[in-house]
Amino acid sequence: MSRISREEVERVAHLARLRLGGDEAEAMTQALEAILAYVAQLDAVDTEGVPATAHVIPLATPLREDEPEDVLAPDLAVANAPAPRGTAFTVPRVLDDEAEG
Amino acid sequence: MSEPGLGDLAELRAPLAAGSTTATALVERSFARLEALEPTLRAFLFTRREAALGEAAEADRRRSRGALRGPLDGIPIAIKDNIVQAAEPASGASRILEAYVSPFEATAVARLPAAGAVVVGRTNLDEFAMGSSTEHSCQGPSKNPWDTTRSPGGSSGGSAVAVSAGVVPLSLGSDTGGSIRQPAALCGVVGMKPTYGRVSRYGLVAFASSLDQIGPLGRSAADCAALLDAISGHDPHDSTSLPEPPLATRDALSGDVSGLTLGWLREVDDAAGVAPGVRRCVREAVGELERAGAKLREVSLPHTRHAIAAYYLIATAEASSNLARYDGVRYGHRAATQGSLTELYERTRAEGFGAEVKRRILLGTYVLSAGYYDAYYRKAQQVRTLLRRDFEAAFAGCDAIVLPTTPETAFRLGEKSDDPLALYLADVFTVSANLAGLPGVSTPCGTDAGLPVGLQILGPPLADATVLRIADAYQRRTPHHLARPPL
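In the order they appear, the protein sequences are chains A and B.
So in the working numbering, the last spot in the first sequence is 101, and the numbers never skip.
So in the working numbering, the last spot in the second sequence is 487, and the numbers never skip.
Take the hints with a grain of salt, since some may be wrong.
Stated by the list, open to error - Below are the DMTMM-like pairs computed for lysine to aspartate or glutamate, each with C-alpha atoms no more than 25 Å apart in a straight line: (1) B:Lys-295 / B:Glu-415; (2) B:Lys-295 / B:Glu-267; (3) B:Lys-416 / B:Asp-270; (4) B:Lys-416 / B:Asp-60; (5) B:Lys-416 / A:Asp-75; (6) B:Lys-416 / A:Asp-23; (7) B:Lys-416 / B:Glu-356; (8) B:Lys-295 / B:Asp-270; (9) B:Lys-416 / A:Glu-33; (10) B:Lys-416 / A:Glu-65.
Worth flagging that the hints you see were computed from the coordinates, not collected in a lab.
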C-alpha cells in the first residue's frame, strides 16, 4: 500500500511554498514513500500515557528587565535584502488596484 | 608537500612561548597549507587572510606586552559556514544564502577574540547541515584526506578535513544528529558535541532547534576542551542556553579513569552492519580503558532501535518550520518573477534549495500537517521520552557509555547519494545523543584498511568534562589520535 501519493506531495509542496519541477514531484514521492515506510516502525511502540519530549532540558522561559538594548540598525537590517527601498523590504503587490481603491 | 601541517595546541604553543615563532607565522603557515591542499580537499567556502593576519599581529603585540588571553591566543581556527561572524559571508552551503553577509555575530564566535583565537575561514558542509557526507553542499563535496575518493562525512565535513589535513589545529562545527562526531571519526580527528544548551545557538543557522548544538573539533581531547571552555556558558540571546558559567573542562583532564564505570551497549553487539574492523578497534579501545582502571558493564537502551525513525521525524519537522524564513524578501536569493507573492516564494525556494533540503522540508511539512501530526510528530516525541528514560536507567549504573561513532569507515563519494534512507541509517550510533541532549565525544581509535575508526563516549547531561576526561585518558595511553593522513 502506498503511504503517500504524488497529489499529496504536491499539496504539501504548496503548503511549504516549494514549486516542484517536472520529474521532481515523482522523485520526491518515491523518496518520501521509502522514508515513511521506514518510520512506520514507530506504530508498534507502546506510547500509551507517555508524555512528549519537545526539549530535553526543561527550562522556564527566561525573563529580563524591560530595558531598551541596542538592536540591528535599519540600514544593516536591509543590507541583505534582494530588493530594498530605503530601509524597507519590498514585496510584489498583494492587493490589486481596485481592492486598494 | 612543501608546507607541513599544523600540529596540536601543545606543539604550537611551545615555540610561541619560546619566541621561536609568532602568531603571524602560524596564520601564514595555515594559509600556505590551505592553498596547497584546497584544490584537492575543498574544505573551505570562504577565507579571510588579511583580517586573520591583522588579528595575528595583535596577538603578537599582546604576547610582547605579556598580556596573553589564554591557551588559544594567536591560534588559527576555522568555523563551519553555518555559524555567523559579523561582516563575513555565511552561506550554509546553500544557493539561497550565496550572497549573504552577516550583520551580526554568533555568541560562540563573539567569544573567540576574548580567547585570542584567529579565524582563518569558513568550512564546507551539507546544505544547512542536512546530510552526513558534505555531498549536499551547493559547492560540491569536501574530500577525505585519508582517501580523496571518499567522503569526509558530514555535515561538518569541512571542519573535520581542515583539522585532519593540518590546516588548523581546531575548528567549530555543529551537531544535530552526529554532524561533529561522525566526520571527526571518518577523518581521524576528535569531535565533541556538548550537552544541549552548553553553547549558545545564537547565530547558528537553525536546522532543528531542539537538537542543534555547536562544538569543537581538534587534534586531541585536551584541545577540544580548551575551545569548548572558551565558547561555553550562559547567553541571554538563546532562551535554551543553560544558566551555567563557562566550563572549565580542561582542568578536569586528570588522565585518570580508575573508579569510573563504562557501559557497553548490548545493542551494539546485536547490530547488523557494523564492520568487523570497526568492532575490533572499538573493542580494543575499551580494553585499553579497562587496563587504565575503568570498570566495564553491559547496559541496554532498547529504544535506540527506533532512534533514527524518531530523529528524522523530529528533525525534519523542526527544519520545515525553521526554513520558512527563506522567502526571498528580507535576505537571500530572490527569484526573478513578475508574479504574485506566493509565486515569488515558491520560485525563490525552488531555485534556492537543493534536493536534500527540499526532501526534508516536504517530509517535515507533511508530518506536521493536519491529520498526521499525532501519528508522526507527536509519536516521535513520545519515543524520544522513552529513549531519554533508557539513558537515565543506563546512567544509573555507569558513568559513560562507549560505542562506535559510526558502523563503517569512510564511504566512497557517490556511494550513498542515490539512496537518502541508506545515508540516514548510517547515523544509527549518533542521533540518540541529540534526542537525549547528551554530551558525546569521538576519538580516533585505530584504522581499518587504512581508514580511521572512531570511539564514541557518551555521558549523562552536563557530564561534558567526564567524556572529555575519558577521551583524554585514552589518548595519553594510545597513539591513534596522532596518526596523520597520507597527504
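Against the structure, the hints:
Between B:Lys-295 and B:Glu-415, the direct Cα distance comes to roughly 39 Å. Violation of the 25 Å bound is thereby established for this hinted pair. For the proposed pair B:Lys-295 and B:Glu-267, the alpha carbon gap of about 19 Å is at most 25 Å, so the pair holds. Proximity of B:Lys-416 to B:Asp-270 is assessed by CA-CA distance (about 24 Å); at most 25 Å being required, the pair is judged to hold. Our distance criterion of 25 Å between C-alpha atoms is broken by B:Lys-416 and B:Asp-60, whose separation comes to about 46 Å.
Between the alpha carbons of B:Lys-416 and A:Asp-75 the distance comes to roughly 45 Å, so the proposed pair goes past 25 Å and is violated. With a C-alpha separation of about 21 Å, the suggested pairing of B:Lys-416 with A:Asp-23 holds against the 25 Å cut-off. Of the supplied pair hints, the one linking B:Lys-416 and B:Glu-356 holds, its CA atoms being roughly 13 Å apart against a limit of 25 Å. For the given pair, B:Lys-295 sits about 21 Å from B:Asp-270 by alpha-carbon distance, which is consistent with the 25 Å threshold.
Restraint check for B:Lys-416 and A:Glu-33: satisfied, since their Cα atoms lie roughly 18 Å apart, inside the 25 Å limit. Of the pairs offered as hints, the one joining B:Lys-416 and A:Glu-65 is violated, with about 51 Å between alpha carbons and a cut-off of 25 Å exceeded.
Checked against the numbered hints given earlier, the structure breaks hints 1, 4, 5 and 10 and satisfies all the rest.
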